[in-house]
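This is what each chain is made of:
There are 2 protein chains.
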Amino acid sequence: MYNFGANYILYMNQNNYCIIMAGGVGSRFWPVSRKNNPKQFLDILGTGKSFIRHTYERFTEIIPPENFYVVTNKIYKQLVKEHIPELNDTQILSEPLGRNTAPCIAYAAYKINKLNPDASMVVAPSDHLVLNEPEFRHVIAEGFDFARSNEVLVTIGIKPNRPDTGYGYIQIDSSVKTGDFHKVKTFTEKPTLEVAKMFIDSGEFFWNSGIFIWRTSEIIKQFRSHLTEVHTRFDSITESYNTDGEEESINKIYPECRNISIDYGIMEKADNVYVRCSEFGWSDIGTWGSIYQHSVKDDNGNAVTGDVLEYDTEGCIINMPKGKIAVIQGMKDFIIVDSSDALLICPKDDEQNIRMYIEEVKMKKGPDYI
Amino acid sequence: MYNFGANYILYMNQNNYCIIMAGGVGSRFWPVSRKNNPKQFLDILGTGKSFIRHTYERFTEIIPPENFYVVTNKIYKQLVKEHIPELNDTQILSEPLGRNTAPCIAYAAYKINKLNPDASMVVAPSDHLVLNEPEFRHVIAEGFDFARSNEVLVTIGIKPNRPDTGYGYIQIDSSVKTGDFHKVKTFTEKPTLEVAKMFIDSGEFFWNSGIFIWRTSEIIKQFRSHLTEVHTRFDSITESYNTDGEEESINKIYPECRNISIDYGIMEKADNVYVRCSEFGWSDIGTWGSIYQHSVKDDNGNAVTGDVLEYDTEGCIINMPKGKIAVIQGMKDFIIVDSSDALLICPKDDEQNIRMYIEEVKMKKGPDYI
Numbered sequence: 001m002y003n004f005g006a007n008y009i010l011y012m013n014q015n016n017y018c019i020i021m022a023g024g025v026g027s028r029f030w031p032v033s034r035k036n037n038p039k040q041f042l043d044i045l046g047t048g049k050s051f052i053r054h055t056y057e058r059f060t061e062i063i064p065p066e067n068f069y070v071v072t073n074k075i076y077k078q079l080v081k082e083h084i085p086e087l088n089d090t091q092i093l094s095e096p097l098g099r100n101t102a103p104c105i106a107y108a109a110y111k112i113n114k115l116n117p118d119a120s121m122v123v124a125p126s127d128h129l130v131l132n133e134p135e136f137r138h139v140i141a142e143g144f145d146f147a148r149s150n151e152v153l154v155t156i157g158i159k160p161n162r163p164d165t166g167y168g169y170i171q172i173d174s175s176v177k178t179g180d181f182h183k184v185k186t187f188t189e190k191p192t193l194e195v196a197k198m199f200i201d202s203g204e205f206f207w208n209s210g211i212f213i214w215r216t217s218e219i220i221k222q223f224r225s226h227l228t229e230v231h232t233r234f235d236s237i238t239e240s241y242n243t244d245g246e247e248e249s250i251n252k253i254y255p256e257c258r259n260i261s262i263d264y265g266i267m268e269k270a271d272n273v274y275v276r277c278s279e280f281g282w283s284d285i286g287t288w289g290s291i292y293q294h295s296v297k298d299d300n301g302n303a304v305t306g307d308v309l310e311y312d313t314e315g316c317i318i319n320m321p322k323g324k325i326a327v328i329q330g331m332k333d334f335i336i337v338d339s340s341d342a343l344l345i346c347p348k349d350d351e352q353n354i355r356m357y358i359e360e361v362k363m364k365k366g367p368d369y370i
Numbered sequence: 001m002y003n004f005g006a007n008y009i010l011y012m013n014q015n016n017y018c019i020i021m022a023g024g025v026g027s028r029f030w031p032v033s034r035k036n037n038p039k040q041f042l043d044i045l046g047t048g049k050s051f052i053r054h055t056y057e058r059f060t061e062i063i064p065p066e067n068f069y070v071v072t073n074k075i076y077k078q079l080v081k082e083h084i085p086e087l088n089d090t091q092i093l094s095e096p097l098g099r100n101t102a103p104c105i106a107y108a109a110y111k112i113n114k115l116n117p118d119a120s121m122v123v124a125p126s127d128h129l130v131l132n133e134p135e136f137r138h139v140i141a142e143g144f145d146f147a148r149s150n151e152v153l154v155t156i157g158i159k160p161n162r163p164d165t166g167y168g169y170i171q172i173d174s175s176v177k178t179g180d181f182h183k184v185k186t187f188t189e190k191p192t193l194e195v196a197k198m199f200i201d202s203g204e205f206f207w208n209s210g211i212f213i214w215r216t217s218e219i220i221k222q223f224r225s226h227l228t229e230v231h232t233r234f235d236s237i238t239e240s241y242n243t244d245g246e247e248e249s250i251n252k253i254y255p256e257c258r259n260i261s262i263d264y265g266i267m268e269k270a271d272n273v274y275v276r277c278s279e280f281g282w283s284d285i286g287t288w289g290s291i292y293q294h295s296v297k298d299d300n301g302n303a304v305t306g307d308v309l310e311y312d313t314e315g316c317i318i319n320m321p322k323g324k325i326a327v328i329q330g331m332k333d334f335i336i337v338d339s340s341d342a343l344l345i346c347p348k349d350d351e352q353n354i355r356m357y358i359e360e361v362k363m364k365k366g367p368d369y370i
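Chains as they are written, first to last, in this note's numbering: chain P, 1 to 370; chain Y, 1 to 370.
What the hints contain is simulated information worked out from the structure, not anything from laboratory work.
One or more of the hints may lead you astray.
Selected chain Y positions facing chain P (Cβ under 8 Å, derived; list incomplete) [to be verified]: (1) 210; (2) 282; (3) 286; (4) 324; (5) 325; (6) 327; (7) 331; (8) 336; (9) 341; (10) 343; (11) 344; (12) 369.
Note that this is a predicted model, so its numbers are computed, not measured.
C-beta: ideal position from N, C-alpha, C; glycine also.
Model the full structure from these sequences, guided by the hints.
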């Protein structure tokens with residue numbers, strides 16, 4: 001039992017489950033983030049723990065240990081075990097290939113629902129930053145209560161502090177509200193700066209954190225309505241969940257599923273979506289710019305990981321591997337990232353080019369460097 | 001017997017010896033050049049062979065194989081053997097510590113003179129570039145002839161093509177000339193740009209290549225006159241040269257010798273120095289700038305070694321280790337050098353800072369990085 005203030009008492013409910021999504025390849029952080037060791041397994045901010053480890057620990061106070069599940073690509077199963085040794089093998093769900101968030105969430109929901117028809121689940125990306133973890137847990141616990149007491153899908157919205165064009169936005173219907181939970185009016189993908197400014201000014205828009213809470217029975221109902229072909233496939237293998245045949249069944253139906261996000265496939269279509277408007281120091285750490293923003297800067301405004309001697313160098317993100325030193329002179333506002341077999345030097349303002357660079361590296365130098 | 005044109009016939013004279021000086025640490029090319037693998041053992045220009053290998057091969061047509069000697073620091077003895085496997089152990093002279101060129105040359109001269117009192121020797125640095133090797137051999141062969149027929153010290157002067165402030169200059173006495181050999185009037189260390197321009201305009205000045213030719217008996221005579229304390233020490237161990245006791249004797253006297261260059265200790269003082277004014281495409285490759293100058297540049301004017309994808313990058317020297325790739329955007333006129341455990345990024349114009357950086361690296365990060 002934990003007391004989060006304001007007379008809010010949290011019980012560790014045995015029906016609450018946590019699903020951590022950890023199948024991404026994090027290509028924007030190349031060359032540090034690599035196909036065989038992507039962002040969620042890295043400690044790019046130099047905190048001492050990987051993103052996925054932080055994500056797991058963020059929930060351990062409110063989720064029973066046996067109720068954690070990590071869904072990941074089969075090639076990362078071993079990495080997940082290394083970063084979260086508390087998990088046993090049955091708690092790591094292997095995707096034979098990436099199919100975006102809808103099939104990933106369906107897999108966890110159908111499997112858990114068979115185990116426990118009263119289950120509720122929080123779904124969280126494995127590579128985000130949360131600064132105020134007590135407040136985060138408070139929000140998640142409220143979300144569980146709300147989702148359990150109502151036939152709703154809950155999404156966590158973040159109060160925006162700037163017109164960021166890298167995030168999706170959720171518009172609330174301010175006339176329909178239950179406590180801190182607002183009915184959702186619209187979802188909008190990454191807007192232009194103009195539009196983002198209007199969103200902020202209106203006070204009706206929140207960042208879409210990609211964190212969701214619902215009862216497994218409720219999300220399954222929604223799959224049946226809005227992603228029928230996904231429902232049919234995951235429903236057809238109900239027999240095999242939590243048996244030795246599960247992996248084989250999943251390997252069979254997964255490639256047949258559409259590559260589709262839960263936002264596009266369900267959240268934008270369901271009419272019972274509520275957003276919990278929150279502030280807990282959140283970032284998806286989607287760019288080197290956000291790494292820079294959340295890092296401790298030295299006297300010259302450089303965010304440095306590793307052993308670096310700087311001369312006349314300002315506003316840079318410098319990331320060196322362990323045991324290697326750098327001497328850097330005359331750089332302003334650059335990303336300088338060294339990994340064992342690849343070096344990236346690129347102006348901070350041009351980091352959107354990194355995806356293109358990766359394609360070119362793959363084409364010209366081969367897949368080993370990706 | 002080789003014909004170098006102009007009716008010049010060269011015999012491979014058994015009294016001609018070649019001394020390659022290979023004890024330097026090449027700190028200006030950090031982090032590629034390291035204390036345990038300095039410049040002379042590297043192929044910074046990407047020619048397929050190290051500088052010392054090129055130096056050796058440059059002389060093999062005119063020097064009998066058993067007449068080569070390499071003087072190096074004892075820590076590089078193994079490296080010398082790897083790069084010039086043709087040498088046997090007695091042909092590698094180990095200095096217990098670096099004492100500049102005068103003791104290094106004295107060691108070889110006194111040792112060889114005991115073996116063969118009729119010996120003449122060419123002394124050459126191990127880390128220079130020569131583009132026109134036939135012309136080089138022609139010059140050296142002429143130098144041997146001149147030094148054998150006259151009681152002189154011969155130094156090889158290079159016709160300057162620009163007012164370089166990184167070289168020493170030799171002024172000729174245009175009134176005293178034998179064939180292509182001019183009496184030397186003065187030696188000048190690195191001049192200012194103003195002075196260097198005057199030197200060039202006068203037509204009387206040549207770059208000091210640091211390549212010398214003389215009879216061993218003649219240079220010993222000069223040591224006796226101008227570096228008496230060096231003479232006394234090397235003369236005192238005459239018994240031990242070419243015996244099992246040589247190394248022990250050298251280890252004893254070497255630390256007692258002054259750290260002094262042959263230029264300062266003898267060439268500037270002797271009155272029988274002649275310069276052979278030459279043009280054979282020479283550079284001491286003393287700076288990254290000279291590497292840039294002598295490298296093949298790509299379409300963007302970058303001198304690249306290794307696998308590099310460039311975007312909006314011009315006039316750079318980029319040096320990546322084998323098996324590593326780099327993606328570089330938005331760099332102009334920089335030196336970017338990566339080695340296994342150190343990375344250097346520095347504007348080309350500021351490369352004189354590298355020595356200072358090395359000192360700071362040594363102090364702050366320890367000697368392993370030097």
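Outcome of the hint check:
1. 210: violated, 29 Å
2. 282: violated, 30 Å
3. 286: Since the shortest Cβ distance to chain P is 19 Å, the answer is violated.
4. 324: With Cβ-Cβ at 5 Å, under 8 Å, it holds.
5. 325: holds, 5 Å
6. 327: holds, 5 Å
7. 331: holds, 6 Å
8. 336: This hint holds: residue 336 of chain Y lies near chain P, its Cβ roughly 7 Å from the closest one there, short of 8 Å.
9. 341: Check passed: Cβ of residue 341 of chain Y comes within 5 Å of chain P, closer than 8 Å.
10. 343: Nearest chain P Cβ about 4 Å off; hint holds.
11. 344: holds, 5 Å
12. 369: Holds. Min distance 5 Å.
Hints 1, 2 and 3 from the list above are not met by this structure, while the remaining hints are.
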